[in-house]
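In the order they appear, the protein sequences are chains A and B.
Take 2 as the starting number for the first sequence in our numbering and just add one per residue.
Take 55 as the starting number for the second sequence in our numbering and just add one per residue.
Hints are computed from structural coordinates only; laboratory data are not their basis.
Errors might be hidden in some of the hints.
What the hints assert, rightly or not - Covered by chain A, per the in silico footprint, the following chain B stretches (three or more residues, Cβ under 8 Å): (1) 78-90; (2) 93-105; (3) 118-129.
For every residue, glycine included, the Cβ atom is placed at its ideal position computed from N, Cα and C.
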Amino acid sequence: MTASERFGTRRDLLKLAGAAAVAGAFADRVLADARGSVVVVGGGFGGATCSRYLRRLAPNLDVTLVSRSASFVTCPFSNTVIGGIRNLGSVTHGYHGIRRAGVTVVHDEAAAIDAENNRVQLSGGDRLSYDRLVLSPGIDIKWAAIDGYDEAAAQRMPHAWIAGSQTRLLRDQLAAMEDGGLIVIAAPANPFRCPPGPYERASLIADYLHRHKPRSKLLILDSKDGFSKQGLFREGWERLYPGLIEWVGFSEGGNVIAVDPETMTVRTDFDVFRPDVANIIPPQRSARLVDTAGLAEGDDWCSVDQRTFASGVVPNIHVLGDAIIAGAMPKSGFSANSQAKVCAHAIVSLLAGEDPPEPAFINTCYSLLSAEYGISVAAVYRLDENGEIASIPGSGGVSPANASDEFRQAEAEFAKGWYASITADMFG
Amino acid sequence: MAPLLAAAAVSAETAGADESWTGLLAEMCAACHGQAGETPGPVPGISELDAEAMQAFLIGFREGDIEATVMDRIARALGDSDIEALSRKLVEIRQPLPGAPDEENDSQ
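Bound conformation, chain B alone (with noise of 0.2 Å):
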């Protein structure tokens, strides 16, 4: 357990408090957006947003600027810096599992 605690103090002091919860974070997104941003069906695909696009979108859905069902909801549990990262990070972690059937499509 102590290097586990040590490891622990030493991530708080050097990782903001607010980001370090947006790399999992991203990964709860590929429920609905798919694991490389594709999605199967009626769900829009975040594949073709690069980090830029994809803060404008959840800084327009959380301010009510973009139209929208339920990212409007999901939007507004993120502060600025929150949605910084998890747009690098949505983009860093676009890839599907290996062996997933449409692997040949990730020709990022």
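Just chain A, same shape as in the assembly (with noise of 0.2 Å):
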């Protein structure tokens, strides 16, 4: 029996079936007669999703996707890339399925938005009319941040945190680097997209070198004196890679404030670090689109209205995924497709002229410190009596400290199966 039979399998759950059940009206008539245009900008985790679920819910709706390119290279797993678990096409996913579930896909780049007149600019001359925007528009480096660390240094000392040609540039790198080197990561302040994240990548670049260069070292500079997962993760590297990772917090001086590409140089405000390899994750923010319509006032991240993902500032806008502050939440993918649902519902309700349904989101972040080495977070989240999204108590939380190899086994496979489910969800 492999650990994830254990743990529950389809035969487990077979055992305790019932007759199949019969399958109900999806929604009520009123919304899935719900008429309109919807445009989503972002064909990521909320964007796919979104556009997928509002054609779902109401099948005349008229809904059009723009994404930047003609695939999505998902941030999730990306690590085992940079790792050399998977290659860079597992992690890449077409708009087929989304056509099929009958969006109009446009691969351009949404330029502007004139929300004046409902209406979107493309970067390739075309203008979208909405009666609702949905924007899932993701990050954006704030370059400069670090001093130094600007789009050409990023050539050099790639951030490898908006997936695609950034995370072959880190792939490579490590791959081309001589046993015995030594890597950098540099992890930003909160909120940034995926806390576990710099983590997860710092384990599966220890993995690698484990595997293939194991007198290197691994150090990660981080701006901050605590991070996501930490016990399970120091655990981990403890168990698997012994005195390969040092972690360096804010307080220690782990705080990068300086870097030069040229001379493959990484300031902190107390030491200077030459590394082979250097993976600079900087400080983000809301993707620059939101500020030609002024949605984020100036702040870093969009604040909506956490029921339907409405701007607060401009009508008929809703914001969703990174680019938001979704109250207790973290910037993930599984959050950003829990957002969607939501937005996806409400929208059809206020298009039909119906009140919005009550809320209700899960996210579950899982990291491997292998391929065989799972672990998670996850919470249940509804909306508190200040219309914030808050954490149910009492649930939710992180895996089990000191557990057994077969349970960090059986998370490692649901990881994988987590994976091959929601880009399923989203992408058909």
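Each chain sits in its own coordinate frame; assemble them with the hints.
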């Protein structure tokens, strides 16, 4: 029996299953008849999910998805590419399933929002009119927040925090590095995309080094004094890669203030490092597109009504995913998928003249420490009395400490299962 | 805005506060368990479960009677009436997207 079988398999579930259930009507007729044009900008976890669910709820709705490229490389599981466990193709997804759901997919970039006339201006010249606009534009890097870290520097010291060519660059640098090299990962202060991401990345790079370049060393320079799933990561590092990863928190001088790609120098308040590979994960903000409609009001992130994801600033525009502050939810792919479903329901209700339903959200973030060692954090959320997304007391939390190898292996299996499932939910 | 507020007042009176969120909660489950309760990978599918079996699982996870990695942590968010409503809803919405590749398998 494999680990994943022990912790609940299809067969186990079937044992308890009764007669096959009869499917009922999905949504009530009023909502299913909702009509209008919805433009969704951003072809990632939020946008892909939202466009498909809008069509699922209201087949008469005219839905257009604007996605910059013909395929989407997911940030989740991109660390397995960097660590050499998977290839880039396995985390790249096309938009066929979204088209099959009746969504018009436009491969172009949204250049500006003309909120006054309910139109989106595309870089290619087209203009799209909407009754409701959904923005799930993700993040942009705050260039020069770390002195010397600009777009040119990112070609020498990749951030790899927007997956694709940056992922490939970091992977190739690691592959080219000689045994005995020093790798630095600079991790940003909160909030940022994927809070456990830098530490999963450190783990999977360590896995690669452990297997191929065991005399090398990995240093995490952190702009904060604690991080997501910290106890579990440190337990795993001790167990899998003793002595390979060193973590330096903010108070110990971990805050990276400057880099020089010419000399491959990384500078903190106290020290100067000259790594062979530098992965600089810089501070981030909502994608700059939101500024064209003043949606972030000069802030780094947008604020929205957390029941509908409607902007409090501009009417008929909804913003979701990494670009917003969503109460207690972390900036994760699962969060964006969850928010997109709530947003789709809200939009369909509003277009049908109904009250939006009571929201619910789930987030489960798996992290791999190796191909066979997984950990997770989970939470279930609903709105609190102030209309903010809050996790439900007594539920959620991280995987147990000091769990068996079998448990960690089961979570690694479910991490892969999660990835297969959620990308099917998004892309068909 | 006025009609929305009026609708909100009506729905708060007629729907149980605990059950109102389970409709959308059921949608969240699809991220791992699939829109039709079927999964392409190692996450257990739930397409063969009726509402009663679904309820038994969720209670079992919540109480720690069924071994789990993450479902115990998730089920602890749910009260008894949440579980009952959610289980019904999970069966009711079991329908893939129009045009999704596995549509032909949805033979209920």
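Here is what the structure says about each hint:
Check on the region 78-90 of chain B: 11 of its residues sit with their Cβ under 8 Å from a Cβ of chain A, so the three-residue criterion for coverage holds. Counting residues of the region 93-105 of chain B whose C-beta lies closer than 8 Å to any C-beta of chain A gives 12; at least three are required, and the coverage claim holds. By the rule of at least three residues with a Cβ nearer than 8 Å to a Cβ of chain A, the coverage given for the region 118-129 of chain B holds, with 9 such residues.
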